[in-house]
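Model the full assembly from the supplied sequences, consistent with the hints where possible.
If you're matching them up, the sequences are chains A and B in order. Position 16 of the first sequence, counted from 1, bears residue number 16 in this note's numbering, the numbering being contiguous throughout. Position 58 of the second sequence, counted from 1, bears residue number 58 in this note's numbering, the numbering being contiguous throughout.
Hints are computed from structural coordinates only; laboratory data are not their basis. Any given hint might turn out to be false.
The list treats identical chains as interchangeable, and a pair is accepted whether it falls inside one copy or across any two copies.
In silico DMTMM-like cross-links for lysine to aspartate or glutamate, where the CA-CA straight-line distance does not exceed 25 Å [as the list claims (entries may be wrong)]:
hint, residue 1, residue 2
1, Lys-13, Glu-73
2, Lys-89, Glu-59
3, Lys-89, Asp-55
4, Lys-89, Asp-26
This one's a predicted model, so the numbers in the text were calculated from it and none came from an experiment.
There are 2 protein chains.
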Amino acid sequence: MSQLQHAMIILSKTFNDYAGKEGKKDMLNKGEVKTLLEKELPSLLQEAKNPGEVDKFMESLDLDGDSEVNFTEFIILVARVACIIHFYKK
Amino acid sequence: MSQLQHAMIILSKTFNDYAGKEGKKDMLNKGEVKTLLEKELPSLLQEAKNPGEVDKFMESLDLDGDSEVNFTEFIILVARVACIIHFYKK
Numbered sequence: 001m002s003q004l005q006h007a008m009i010i011l012s013k014t015f016n017d018y019a020g021k022e023g024k025k026d027m028l029n030k031g032e033v034k035t036l037l038e039k040e041l042p043s044l045l046q047e048a049k050n051p052g053e054v055d056k057f058m059e060s061l062d063l064d065g066d067s068e069v070n071f072t073e074f075i076i077l078v079a080r081v082a083c084i085i086h087f088y089k090k
Numbered sequence: 001m002s003q004l005q006h007a008m009i010i011l012s013k014t015f016n017d018y019a020g021k022e023g024k025k026d027m028l029n030k031g032e033v034k035t036l037l038e039k040e041l042p043s044l045l046q047e048a049k050n051p052g053e054v055d056k057f058m059e060s061l062d063l064d065g066d067s068e069v070n071f072t073e074f075i076i077l078v079a080r081v082a083c084i085i086h087f088y089k090k
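Printed below as a string of structure tokens:
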């Protein structure tokens, strides 16, 4: 398996690890998004000390407005953060 | 480092590994895109036996029309393929 395929498998596995915790197994609800952000991207939430920050994140991620985050919506977050990491490292 | 951060670092590293081969170090030219697809996502090109397939890929990736692929354009490809992998695995 190539390094790029490996990275994509990790993305899918990470989503499943958190989406599978409660409710629908293929969707992240608000609690699952909060846990995912806390464990996987702590630096994003560290900057956000405001307790309403998770709600704002949910709103920005939940493009179809169903109050949950599907894999496509999750991958858009990943793309945004990967760009921040990539350009920040320069 | 979390598994999600690790995956994002791999994405950035993969882009840099190929973009750095020739020309601008922060852009993939057509030859670098071809090499990246052949080495990292061979299954995408296996399905495409048509020799014009790399040109079609370039066109679909090169959103700003500068004949090169920047990291943001690369990550859109990654997002698309990650969705295919994620939903295909079900």
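Hints, verified against the model:
Both within a single protomer and between protomers do Lys-13 and Glu-73 lie at most 25 Å apart by alpha-carbon distance, with minima of 15 Å and 24 Å respectively. Neither within a single protomer nor between protomers do Lys-89 and Glu-59 lie at most 25 Å apart by alpha-carbon distance, with minima of 28 Å and 28 Å respectively. With identical chains, the CA atoms of Lys-89 and Asp-55 are never at most 25 Å apart, being 28 Å at best within one copy and 30 Å at best between copies. With identical chains, the CA atoms of Lys-89 and Asp-26 are at most 25 Å apart between copies only, with a shortest distance of 12 Å across copies and 32 Å within one.
In this structure, the earlier hints numbered 2 and 3 are contradicted, and the remaining ones agree with it.
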